[in-house]
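Those protein sequences? They're chains A and B, same order as listed. If you read the first sequence in the working numbering, its first letter stands for residue 3, the second for the next number, and so on. If you read the second sequence in the working numbering, its first letter stands for residue 6, the second for the next number, and so on.
Since the hints were made in silico from the structure, they are not lab data. Just so we're clear, the structure is a prediction, and the values are computed from it rather than from any experiment. Do not rely on the hints blindly, as some may be mistaken.
[Stated by the list, open to error] Pairwise CB distance ranges, derived in the manner of DEER restraints:
1) A:Asp115 x B:Ser57: 36 to 46 Å
2) A:Leu101 x B:Lys40: 49 to 59 Å
3) B:Lys40 x A:Ile165: 17 to 27 Å
[Unchecked claim] Here are some chain B residues pointing at chain A (derived, C-beta under 8 Å):
4) Val250
5) Ala253
6) Ala254
7) Gly306
8) Thr307
[To be verified] Below, a list of computed lysine to aspartate or glutamate pairs in the EDC-like style, where the Cα atoms sit at most 20 Å apart:
9) B:Lys40 x A:Asp115
10) A:Lys172 x A:Glu81
11) A:Lys172 x A:Asp194
12) B:Lys40 x A:Asp98
13) B:Lys40 x A:Glu143
14) B:Lys40 x A:Asp139
15) B:Lys40 x A:Asp97
16) B:Lys69 x A:Glu143
17) A:Lys172 x A:Glu197
18) B:Lys257 x B:Glu198
19) B:Lys40 x B:Glu16
20) B:Lys40 x B:Glu65
21) A:Lys177 x A:Glu197
22) B:Lys40 x A:Glu111
23) B:Lys257 x B:Glu186
24) A:Lys177 x A:Asp139
25) B:Lys69 x A:Asp115
26) B:Lys257 x B:Asp157
27) B:Lys69 x A:Asp97
28) B:Lys87 x B:Glu55
29) A:Lys172 x A:Glu84
A virtual CB, placed ideally from N, CA and C, is assigned to each residue, including glycine.
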Amino acid sequence: MSAPDAAQPNPQDPATREGGRFVFRARVFSPEDLRRAHTRIAHEIVERNHGAEQLVLVGLYTRGVAIARRLGEVIAGFEGLEVAVGSLDVAFYRDDIGLRPVQPLGTTEVPVDVGGRTVVLVDDVLFTGRTVRAALDALTELGRPRAVQLAVLVDRGHRELPIRADFVGKNLPTKRAEDVRVRLAEVDGTEDGIELWGPADPAGEEEA
Amino acid sequence: MRHLLSIDDLERSDLDELLDLGESFLAVTRRDIPKVPALRGKTVVSLFYEDSTRTRLSFETAAKRLSADTMAFSVSGSSVAKGESLRDTVQTIEAMGVDAVVVRHPSAGAPHRVATWIDAAVVNAGDGRHEHPTQALLDALTLRRHRGIGLDGARVAIIGDARHSRVARSTAKAFAALGAEVTLVGPPTLLPESLIGWPVATTGDFDELLPSLDVVYLLRIQHERQDATLFPSLREYTTRYGLTVERAARLKPDTLIMHPGPMNRGVEIAAELAEGPGSVITEQVANGVAVRMAVLYQLLGTGAPVA
């Protein structure tokens with residue numbers, strides 16, 4: 003997740019996690035699966051928008067930025083044109099400021115004027131939808147896009163806001179207490195992949 | 006972080022975190038809409054018992070760019086003129102429901118006292134001759150943006166009336182904590198009586214230091230704090246300790262010139278050097294808004310007390 007994506011403790015952060023270890027449960031995507039998902043999403047984006055001329059791909063920190071860059075490269079590869087790629091830090095727009103430590107993860111940099119263009123927000127995991135809500139606010143201050151779309155690698159459910167993705171790598175039903183971990187070589191220094199983790203002690207785990 | 010009262014309250018990691026956050030807010034302040042909703046619904050009051058233009062405006066701008074509401078309390082025209090005590094004033098303000106109080110006071114330690122009386126976060130915006138921590142943070146951010154994250158080994162001279170200067174004390178501590186080597190420069194009457202708590206060296210010979218310096222930090226000659234004549238004349242001060250064009254020519258080409266303002270042009274700094282190539286004085290002002298945003302955000306926005 004680009005930022006701990008919930009009004010509750012971030013399960014990836016041991017300091018804020020409530021009790022118990024997290025253990026590996028399943029591999030969801032291999033490096034090849036991830037590459038194919040990128041390729042398919044890139045094609046869908048261009049198909050839906052009848053070309054890539056007026057597109058801006060805006061990644062949400064941390065992994066959304068890397069995914070947006072990858073999608074940009076894929077599109078450049080088959081469309082033969084440079085797609086504008088930017089990055090968005092949504093920390094100061096979140097609705098859980100004051101409930102937990104919210105720190106910026108990077109610098110907002112969108113190389114073109116978003117006014118009149120179609121912005122595709124890119125993130126790794128869509129969960130409660132609160133990060134995307136914050137991103138829509140942050141985007142508003144950069145201009146008035148013609149349209150905003152959302153691309154994610156994984157939609158894991160449990161939405162708390164009326165938000166849906168336009169482009170999805172994989173719909174993955176999860177339990178709330180579980181954790182979807184996206185690994186990207188350029189961010190994590192490991193092999194690409196997506197894994198499902200869950201509490202070692204599943205006693206307190208509520209059903210999805 | 007519960008309050009910001011002294012640079013001593015900050016560990017190196019707290020300093021780095023505040024300065025990182027300051028960088029983020031500096032990026033925000035450079036946007037077309039330099040404002041974020043982070044502190045919506047919070048109220049920041051400035052309580053100034055001493056004249057100030059830039060610090061007060063800087064805090065007010067910082068709060069507004071975080072979408073906090075601001076109130077200003079100035080001594081003239083207030084109930085203080087009618088004899089209200091600091092404690093009563095502070096408790097009255099708190100009863101109105103404020104989240105942070107920015108205090109400037111002529112007495113050292115006043116913000117510490119205020120912090121013991123109320124639940125709101127207290128920011129020291131200058132207390133007597135004691136401390137001015139947000140000035141130190143903005144100076145550190147300015148220097149860091151030119152030198153990189155660590156100030157390791159940067160040679161800094163702080164020239165002037167360090168004895169009566171809260172800026173010198175706070176800034177010297179922050180620079181030293183980040184790894185710089187700080188030397189106070191001035192006649193013995195303007196250097197601190199004791200160096201306890203000062204992580205610095207001292208010298209009376211500015212000229213000797215010139216070629217080795219990475220930063221020349223000029224303090225304002227404070228007419229209003231001088232109860233006795235501590236040097237013979239302004240002209241003599243300028244001759245020995247002013248950054249004149251001749252002295253500036255002996256600095257390394259990339260030496261930075263800093264000043265907390267307001268400047269006495271022609272006294273501690275030659276008029277033309279204030280806008281010269283090495284001067285980062287206007288950057289200091291811009292960075293001041295960004296670090297004050299960082300401080301207010303850390304105090305009111307993180308929801309997790311660190312210190």
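Right, here's what the structure says about each hint:
1. A:Asp115 x B:Ser57: 36 to 46 Å: Distance hint for A:Asp115, B:Ser57 holds at roughly 39 Å.
2. A:Leu101 x B:Lys40: 49 to 59 Å: Violated, since A:Leu101 and B:Lys40 (Cβ atoms, about 22 Å apart) do not stay within the stated range.
3. B:Lys40 x A:Ile165: 17 to 27 Å: holds (24 Å)
4. Val250: violated (39 Å)
5. Ala253: Nearest chain A Cβ about 34 Å off; hint violated.
6. Ala254: Violated, about 38 Å.
7. Gly306: For B:Gly306, the interface hint holds, since the closest Cβ of chain A sits about 5 Å away, which is under 8 Å.
8. Thr307: holds (4 Å)
9. B:Lys40 x A:Asp115: Given that 20 Å is the threshold and the Cα spacing comes to 18 Å, the pair holds.
10. A:Lys172 x A:Glu81: violated (24 Å)
11. A:Lys172 x A:Asp194: With Cα atoms ~15 Å apart, A:Lys172 and A:Asp194 stay inside 20 Å; holds.
12. B:Lys40 x A:Asp98: Within the cut-off at roughly 18 Å; holds.
13. B:Lys40 x A:Glu143: holds (9 Å)
14. B:Lys40 x A:Asp139: The hint holds at about 12 Å.
15. B:Lys40 x A:Asp97: Holds - the C-alpha atoms of A:Asp97 and B:Lys40 are around 16 Å apart, at most 20 Å.
16. B:Lys69 x A:Glu143: At roughly 16 Å apart (the allowed maximum being 20 Å), A:Glu143 and B:Lys69 satisfy the hint.
17. A:Lys172 x A:Glu197: Since the Cα atoms of A:Lys172 and A:Glu197 sit roughly 12 Å apart, the hinted pair holds (cutoff 20 Å).
18. B:Lys257 x B:Glu198: violated (31 Å)
19. B:Lys40 x B:Glu16: violated (29 Å)
20. B:Lys40 x B:Glu65: Within the cut-off at roughly 13 Å; holds.
21. A:Lys177 x A:Glu197: Measuring from Cα to Cα gives roughly 14 Å; hence the hint holds.
22. B:Lys40 x A:Glu111: Holds. B:Lys40 to A:Glu111 sits at ~16 Å (cutoff 20 Å).
23. B:Lys257 x B:Glu186: holds (17 Å)
24. A:Lys177 x A:Asp139: violated (28 Å)
25. B:Lys69 x A:Asp115: violated (25 Å)
26. B:Lys257 x B:Asp157: At roughly 18 Å apart (the allowed maximum being 20 Å), B:Asp157 and B:Lys257 satisfy the hint.
27. B:Lys69 x A:Asp97: holds (18 Å)
28. B:Lys87 x B:Glu55: Between B:Lys87 and B:Glu55 the Cα gap is close to 17 Å, so the pair holds against 20 Å.
29. A:Lys172 x A:Glu84: violated (26 Å)
The structure fails hints 2, 4, 5, 6, 10, 18, 19, 24, 25, 29 (numbered hints given earlier, in ascending order).
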